[in-house]
Amino acid sequence: MGVVAMNKIMNNYIKTLAKNNERMDGRKLDEFRKEIKIEYGVSAKSAAGSAKVTIGDTVVVAGIKLTIGSPFTDTPEEGALMVNVELSPPLASPDFESGPPDSYSIELARLTDRAVRESGMIDVKKLCIKEGETIWMVNIDIYPINDGGNLFDACGLVAIAAILDTRLPTLKQVEEKYEADYDNMTEERLPINEIPINLTIGKLGEHLVVDPTYEEEKAFDARLTVCITEDGQICSLQKGKDAPLTIEDLDAIISLAKSKAGKLRELFGGRQ
Amino acid sequence: MTFTRLDGRKPDELRELDAKVGIIPRADGSAMFKMGKTIAIAAVYGPKELYPKFLQDSTKGVLRCSYSMMAFSGSGGERVRPGPSRRSKEISWVTENALNSALDLSKYAKSVINVNIQLLQTDAGTRCAGICAAALALADAGIPMRDMVGAVAVGLYEGHPIVDLTKEEEDVEGAVDLAVAMLSRSKKLSLVQMDGKIEQETMKKVLKLAEGAIDKIYVVQKKALLEKYGGSGNE
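Residue numbers (our numbering), protein chains in the order written: chain V, 1 to 272; chain S, 1001 to 1235.
None of these hints come from the bench; they were simulated from the model. It cannot be assumed that every hint is accurate.
Straight-line Cα separation of at most 30 Å, DSSO-like style, residue types lysine-lysine; simulated pairs [as the list claims (entries may be wrong)]:
| no. | chain 1 | residue 1 | chain 2 | residue 2 |
| --- | --- | --- | --- | --- |
| 1 | S | Lys1222 | V | Lys37 |
| 2 | S | Lys1228 | V | Lys45 |
| 3 | S | Lys1048 | V | Lys218 |
| 4 | S | Lys1216 | V | Lys45 |
| 5 | S | Lys1167 | V | Lys172 |
| 6 | V | Lys45 | S | Lys1010 |
| 7 | S | Lys1089 | V | Lys45 |
| 8 | V | Lys263 | V | Lys218 |
| 9 | V | Lys172 | V | Lys45 |
| 10 | V | Lys19 | V | Lys172 |
| 11 | S | Lys1048 | V | Lys241 |
| 12 | S | Lys1048 | V | Lys45 |
| 13 | S | Lys1037 | V | Lys37 |
| 14 | S | Lys1053 | S | Lys1037 |
| 15 | S | Lys1167 | V | Lys45 |
| 16 | S | Lys1228 | V | Lys37 |
| 17 | S | Lys1048 | V | Lys8 |
| 18 | S | Lys1222 | V | Lys45 |
| 19 | V | Lys45 | S | Lys1223 |
| 20 | S | Lys1010 | V | Lys37 |
| 21 | V | Lys45 | S | Lys1037 |
| 22 | V | Lys34 | S | Lys1020 |
| 23 | V | Lys34 | S | Lys1089 |
| 24 | V | Lys241 | V | Lys37 |
Quick caveat: nothing in here was measured; it's all calculated off a predicted structure.
All chains should be modelled from the sequences, with the hints used to inform the complete structure.
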């Protein structure tokens, strides 16, 4: 049997289950996987901050390098942020190919970037060392280790965890220039305002599904990634896949995302 | 012996080793190998048909390795730019050679087996940790192997033969850093790469140390496979 036929059978099966509020792994449609875990400092020797997030079978790691750079000309008094999701050479799935970034890795990175940036999670003004000249650049690199579905939310969580884990190196001034002493890390952390939570909710027929497995993700007719701030605001939105959504769909998805965000934010409890 | 190493190890003492097999369920084979603070993760995908077709070998499968350091895994503050560099390409290629000596790919004509290696954290010996992880991942994928493969850096530190150099030991003036991979039982060499200057007689002593280190690595590799598969370990 061909792969196309197999996928069709799987998609139909997932949709039939969804009609009865059932899923292949026994969860309800609005239930996250119970095995969610965050580990900090998984690359503590090399990175300024690092973390690993496990959601069921899905595993992602992230690390942060803090470098000294020049600000963008339009934001002379702000530090800079860069998010990259690297799928090459691939560890996480036979679907990924070696080579330059493809649209999937770019979408994962952009969605994660938007959550961190638009929520104002990091107080970038405090990352300015000398206005118009010297700033801290926060380089976040995310590597999926195993794709068991919902890399979107996993990438968001691991980026936040790595940011919370980050410590600044000692800053030295040599004549007019600033240098970072990475052999002497301080206890100072990045200035944090907010913990945003990215949630990706899929539409299967008429039903909404959170935290999809790999197979469920493939069966989605449409998906919407919603970022929720601590005070319940929406700070980014992105729709994926080709089925259209009604305004009522959008409203229902946002309500569902809001009801799930708090529990996920608790994973970072005491870390702020 | 009065000579002590920077981290207090004996000359023939490896850093703490750890290995785990099957860490990536979506891959056909996978493993993690840890040498001190250096952590390598390897995933095997294949055998599958090799495209474009002119790359195919009609007599056996092709092994394709890809070594990469995660962007944040370098020392100091520098971010390693993702994508192939001259260094990573060379390491990928010597890794292929190091592993190919142990594989029997005659069953897999026209196919490719991809071995992807990523370094999560580095403190010297990354290519060696990568080879140790990759060999385990290939075994996990069920690729026929004549022997296991282990790899270790050996060399000279202030003139003394030592195994498993750290970054600090590598960086000392006059240090000799010889990366070797060996078939674990026959002790035949499948990777030899050296930086530094050494006398022929001294090199033989250093290689003797490597043999002992490969035995210790083999024990850890067998244990990791047994943890997943059980049995006697005579795979």
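Results of checking the hints against the structure:
1. With a C-alpha separation of about 29 Å, the suggested pairing of lysine 1222 of chain S with lysine 37 of chain V holds against the 30 Å cut-off.
2. A threshold of 30 Å between alpha carbons decides the hint, and for lysine 1228 of chain S with lysine 45 of chain V the separation of about 29 Å falls inside it, so the pair holds.
3. In summary, the hint linking lysine 1048 of chain S to lysine 218 of chain V is supported, as the alpha carbons are separated by about 22 Å, within the 30 Å threshold.
4. With a CA separation close to 24 Å, the supplied pair lysine 1216 of chain S and lysine 45 of chain V stays within the 30 Å bound.
5. Using a Cα cut-off of 30 Å, the hinted pair lysine 1167 of chain S and lysine 172 of chain V holds, with the two alpha carbons roughly 24 Å apart.
6. Straight-line distance between C-alpha atoms of lysine 45 of chain V and lysine 1010 of chain S comes to about 23 Å, which keeps the hinted pair within the 30 Å bound.
7. Distance check on the hinted pair: lysine 1089 of chain S and lysine 45 of chain V sit about 24 Å apart at the alpha-carbon level, within 30 Å; holds.
8. Only pairs whose Cα atoms come within 30 Å are accepted, and lysine 263 of chain V paired with lysine 218 of chain V is accepted, the gap being roughly 26 Å.
9. Taking the CA atoms of lysine 172 of chain V and lysine 45 of chain V, the gap is near 21 Å; set against the 30 Å cutoff, the hint holds.
10. About 62 Å separates the Cα atoms of lysine 19 of chain V and lysine 172 of chain V, which puts this hinted pair outside 30 Å; it is violated.
11. For the suggested pair lysine 1048 of chain S and lysine 241 of chain V, the alpha carbons sit about 29 Å apart, so the restraint of at most 30 Å is met.
12. Of the supplied pair hints, the one linking lysine 1048 of chain S and lysine 45 of chain V is violated, its CA atoms being roughly 37 Å apart against a limit of 30 Å.
13. Pair hint lysine 1037 of chain S plus lysine 37 of chain V holds up; C-alpha atoms about 22 Å apart against a cutoff of 30 Å.
14. Taking the CA atoms of lysine 1053 of chain S and lysine 1037 of chain S, the gap is near 41 Å; set against the 30 Å cutoff, the hint is violated.
15. As the CA atoms of lysine 1167 of chain S and lysine 45 of chain V are separated by approximately 12 Å, the hinted pair is consistent with the 30 Å bound.
16. Under the criterion of a C-alpha separation no larger than 30 Å, the hint pairing lysine 1228 of chain S with lysine 37 of chain V is consistent with the structure, at around 22 Å.
17. Note on lysine 1048 of chain S and lysine 8 of chain V: the hinted pairing holds, with a Cα-Cα distance of about 23 Å set against a maximum of 30 Å.
18. Of the supplied pair hints, the one linking lysine 1222 of chain S and lysine 45 of chain V holds, its CA atoms being roughly 27 Å apart against a limit of 30 Å.
19. Pair hint lysine 45 of chain V plus lysine 1223 of chain S holds up; C-alpha atoms about 26 Å apart against a cutoff of 30 Å.
20. The straight-line distance between the Cα atoms of lysine 1010 of chain S and lysine 37 of chain V is roughly 38 Å, outside the 30 Å bound, and the hint therefore fails.
21. For the suggested pair lysine 45 of chain V and lysine 1037 of chain S, the alpha carbons sit about 7 Å apart, so the restraint of at most 30 Å is met.
22. Taken as a hint, the lysine 34 of chain V and lysine 1020 of chain S pair is honoured in the structure, with Cα atoms around 24 Å apart against an allowance of 30 Å.
23. Only pairs whose Cα atoms come within 30 Å are accepted, and lysine 34 of chain V paired with lysine 1089 of chain S is rejected, the gap being roughly 41 Å.
24. With a C-alpha separation of about 28 Å, the suggested pairing of lysine 241 of chain V with lysine 37 of chain V holds against the 30 Å cut-off.
Comparing the model with each earlier hint shows violations of hints 10, 12, 14, 20, 23; every other hint is respected.
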